[in-house]
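K.L.:
Listed below are the residues making up each chain.
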Amino acid sequence: MAIADALSTMPGTRRSLRDRVALRLEPYLYTAPALILIAAVMLVPLVLGLSYAFRDIQLLNPFSGGFVGLEHFRTLWGDANFFRALRNTLWWTGASVFLQFALGLILALLLDRPFAGRGLVQALVFLPWAVPTFLTGLNWAWMFNPVIGPLPHWLYALGILDAPNNILSDPSLAMWGPIAANVWWGVPFFAITLLAALQAIPRDLYEAAAIDGAGAFRRFSTITLPFLAPTIAITILLRTVWIANFADLIVVMTNGGPADRTQIVASYIFTQAFKALDFGYASAIAVVLLVLLMIYSMLIVLLRQTLLERG
Amino acid sequence: MASIDIDNVRKNYGAVPVLHGVDLTIKDGEFIVLVGPSGCGKSTLLRTVAGLEEVSSGEIRIGGARVNERHPKDRDIAMVFQSYALYPHMNVAENMSYSLRLRRAAKERIASAVSNAAGKLGLEPLLERRPKALSGGQRQRVAMGRAIVRQPKAFLFDEPLSNLDARLREQMRAEIKTLHRDLGATSIYVTHDQIEAMTLADRVVAMHGGIVQQVGSPLELYDRPANLFVASFIGSPAMNLLKGTYDASGAEAGIVLPDGTRIALSGPYALQSGTEVTLGIRPEHVVLSPIDGLPARVSLVEPTGFGIILHLSVHDLPLIAFTLDRTRLQSGPTTAIAFPPEHLHLFDGAGNRVVRAN
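As they're listed, the protein sequences go chains A and B. 1 is the number of the first residue of the first sequence in the working numbering; add one for each residue after it. 312 is the number of the first residue of the second sequence in the working numbering; add one for each residue after it.
Derived from the structure by calculation, the hints contain no laboratory data. Since we're looking at a predicted model, the values are computed, not measured. Cβ coordinates follow ideal geometry from the N, Cα and C atoms, glycine included. Please note that a few of the clues may not be correct.
Claimed, not checked - Here chain B is said to cover these stretches of chain A; the calculated rule only asks that three of the stretch's residues, wherever they fall, bring their Cβ under 8 Å from a Cβ of chain B:
(1) 114 to 120
(2) 261 to 270
Stated by the list, open to error - Take a look, some chain A residues computed to stay more than 10 Å from chain B by CB distance:
(3) Arg18
(4) Gln58
(5) Phe63
(6) Leu111
(7) Val131
(8) Ala196
(9) Pro202
(10) Ile211
(11) Asp212
(12) Gly213
(13) Ala214
(14) Phe227
(15) Ile232
(16) Asn255
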């Protein structure tokens, strides 16, 4: 602290009130530019958004905007559509993350072994990640369409479907459509991050384990998995939050239908805000989703911390 | 414990040969050191014995049984890696007992084997620690402990001391030697450090370019190097090598250097007069200031504390001499040298050692 040093080297001077205030403020003044920037770009929009949840904001009603307290949350508590969307969100997120992770891990393990043409295969595998999500959604919607797409016919031929119908219009199956598109689109993310983590594992360890007598499964469980665990925890956390908030594919492919069977919380927020134009209620739902995801994130971060400490 | 036979082993990586037919017989309980510059194939040879690399042709037998097709775990060997390769998620005791646990050994046997090895290596207070909480030397000990616990047929060491600092390396070298004396285990030890090779080995295998250059006791390699590679690789400072032609005329055979200087040899060699040869002499065998010697200029004096290394030039040929005589520190710009015939080594045009004719 420049001022503090200057003052302490002056013998016999009594610090005036002004000096003492300056001393106290000094560190805050240094950090102020960064803090103000963060507050302006992150906190202000967040607080504004949160405040909508407690206000009556309807775009079509010019007299709305008043403070309504917890009114939206009381409505939400009795909103069957919201709870169905919450269940759908769990299903959508759980199935998507699990399949993306499982397939991504298998892909990463395959790509970790040297073979001819590996560079080309790696590039191809990572391609879906580069496809815009709206294009992905449209593409998969067409593929599930029995008039132009092959998938219903293949599924029928395999005996999975009773008739070559569009699963997107079948209430009991519709969710699998966006999940399939999401898995196809998101597998590369897991494959890339897990492959990077795999390649950071020292090869000596596998050789030492092979000499010690560990078979392929034991080598995987005692070396690969512990090394991957922190990466797995953080990628699953990121993807879960991302997918829970990820309404693009659903909006494009099913728009929440049929009969709200594919409506997730994120698409429900979208519907409330931009179809019903009730921004206040949409914000209240968003706040609930935010709180749920924050609790989930805390749990995963704690889990990762313990994993890292054990390693 | 077991003998190891390496029979005409070849190894190619694609079209690139790295081992050109290696033959080596290792007796039960013998400590063999493979030494050579990097890329000479010594590590590859060790890894083929471990089963981490397949041989392209030839046969490896451990205890008389062919192991070419066996997995590393079925060869009953233990290996100590340069990086130690300790399992980071297991503590010291778990690291050491891993192989026995995988073999479903009895709990009591595992406990006694671990405490026994820990006792030998002074690891008792560290058994609960994880590798990352250990120093380099301690990790090295755990890696050795992991090998000892197995009671394998053979120990394989892949440059185990290269990651340690000089003092620790000396200490661990002595410990490895003591350990080998106590356990009497057949060992193959790979290093590029000739001091480790000389001090540890019962027999040293000098390798270069995927070919075994010489096999013998450390002093055999030092005193009677089989070729120019071994002569220049073993010994520090390295042997002086001078090109010349063999001259059998006169009372004593000799070597004529390019400038016409004749250096006398003791006795005739099985060579034609006029053959191109290389003359070798170790720096400590160069005699300084004899009664009648060759004049030499002193270009550099390097005191090592133990002795003094003198960089000389004799008729513009560079030459290194080593002496324990400290008064040489004050030696003037010129001196005289002589080459005692009994310490001269002679190599033919192909670089192979030439012996005396009688």
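K.L.:
Against each hint, give a clear statement of whether it holds in the structure.
P.N.:
Evaluation of the provided hints:
1. 114 to 120: violated (count 0)
2. 261 to 270: This one is violated; 0 residues, fewer than the three required, reach chain B with a Cβ under 8 Å.
3. Arg18: Holds: least Cβ distance 52 Å, greater than 10 Å.
4. Gln58: holds, 56 Å
5. Phe63: Nearest chain B Cβ is 64 Å from A:Phe63, so the label holds.
6. Leu111: Holds: least Cβ distance 22 Å, greater than 10 Å.
7. Val131: Correct as stated: the minimum Cβ-Cβ distance to chain B is 38 Å, above 10 Å.
8. Ala196: holds, 18 Å
9. Pro202: Per Cβ check, A:Pro202 is inside 10 Å of chain B; nearest 6 Å; violated.
10. Ile211: Violated, since 5 Å does not exceed 10 Å.
11. Asp212: violated, 4 Å
12. Gly213: violated, 4 Å
13. Ala214: A:Ala214 not clear of chain B: closest Cβ-Cβ about 6 Å, inside 10 Å.
14. Phe227: At roughly 8 Å from the nearest Cβ of chain B, A:Phe227 sits no farther out than 10 Å, so the non-interface label is violated.
15. Ile232: A:Ile232 clear of chain B: closest Cβ-Cβ about 14 Å, beyond 10 Å.
16. Asn255: holds, 48 Å
The earlier numbered hints that this structure contradicts are 1, 2, 9, 10, 11, 12, 13 and 14.
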